[in-house]
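Read top to bottom, the protein sequences are chains X and Z.
Under full-length UniProt numbering, the first sequence has 44 at position 44, and the numbering climbs by one with no breaks.
Under full-length UniProt numbering, the second sequence has 51 at position 51, and the numbering climbs by one with no breaks.
The hints are simulated quantities; they were obtained by calculation from the structure and are not laboratory data.
A few of these clues could be false.
It does not matter which identical chain is meant; a pair holds if it fits inside one copy or across any two.
When the alpha-carbon atoms are kept at most 25 Å apart in a straight line, the in silico SDA-like pairs for lysine to any residue are as follows [stated by the list, open to error]:
| id | residue 1 | residue 2 |
| --- | --- | --- |
| 1 | Lys91 | Ala80 |
| 2 | Lys88 | Gly17 |
| 3 | Lys88 | Ile37 |
| 4 | Lys52 | Asp38 |
Number of protein chains: 2
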Amino acid sequence: MTDETRETMFAPLFAAGWTLTDGRDAITKTYQFANFIDAFGFMTRAAIWAEKWNHHPEWTNIYKTVVVTLTTHDAGGLSALDAKLGDKLDKLAGGTIG
Amino acid sequence: MTDETRETMFAPLFAAGWTLTDGRDAITKTYQFANFIDAFGFMTRAAIWAEKWNHHPEWTNIYKTVVVTLTTHDAGGLSALDAKLGDKLDKLAGGTIG
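Model the full structure from these sequences, guided by the hints.
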């Protein structure tokens with residue numbers, strides 16, 4: 001992927017709070033929820049989408065915080081799948097019907 | 001907690017593959033599952049126990065791997081709650097009825 005393609009493809013996610021991951025061709029976002037139930041509820045919905053699409057996040061949960069990193073191992077870096085999953089995660093986190 | 005108390009309380013977990021976390025008064029274990037569904041299924045069962053006991057893990061999931069760190073923030077380090085949750089996680093990961 002060229003830098004220009006990447007910039008275009010991920011512009012909406014960068015505008016939504018995603019950033020390039022330090023030292024990797026990946027994107028990262030930190031979500032904060034009201035409590036653990038909301039945080040893990042988000043992860044549960046996201047997990048089913050991830051499995052359905054066979055594209056899985058790297059993620060860390062500490063109580064009401066979830067830090068997500070997306071990259072495409074098979075592609076050696078970012079791909080259109082990451083843009084698609086990132087957008088889905090934002091919708092799930094916002095309560096939009098997934 | 002004295003070093004002796006800690007050693008006694010966590011001896012069964014150390015024997016089961018838990019180790020002291022670098023630079024923290026915490027314990028860590030890495031679980032490997034057959035696939036993402038098994039890994040996240042383990043997390044889902046563990047999440048409900050964690051919420052029920054009001055004691056939550058710090059954990060990272062990458063596909064079929066789950067890395068768990070346990071500590072008791074209110075106690076500023078390890079407590080009996082961590083021993084209890086660590087034992088529960090091992091039972092859940094092993095398929096023992098939780």
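Results for each hint:
1. Within a single copy, Lys91 and Ala80 get their C-alpha atoms as close as 17 Å, which meets the 25 Å cut-off; across copies the closest is 39 Å, which misses it.
2. Only within a single protomer do Lys88 and Gly17 lie at most 25 Å apart by alpha-carbon distance; the minimum there is 14 Å, versus 36 Å between protomers.
3. When the C-alpha separation of Lys88 and Ile37 is checked against a cutoff of 25 Å, the pair qualifies both within a copy, at 19 Å, and between copies, at 19 Å.
4. In the homo-oligomer, the alpha carbons of Lys52 and Asp38 lie at most 25 Å apart both inside one protomer (21 Å) and across protomers (14 Å), since each shortest distance falls under that limit.
Checked against the numbered hints given earlier, this structure breaks none of them.
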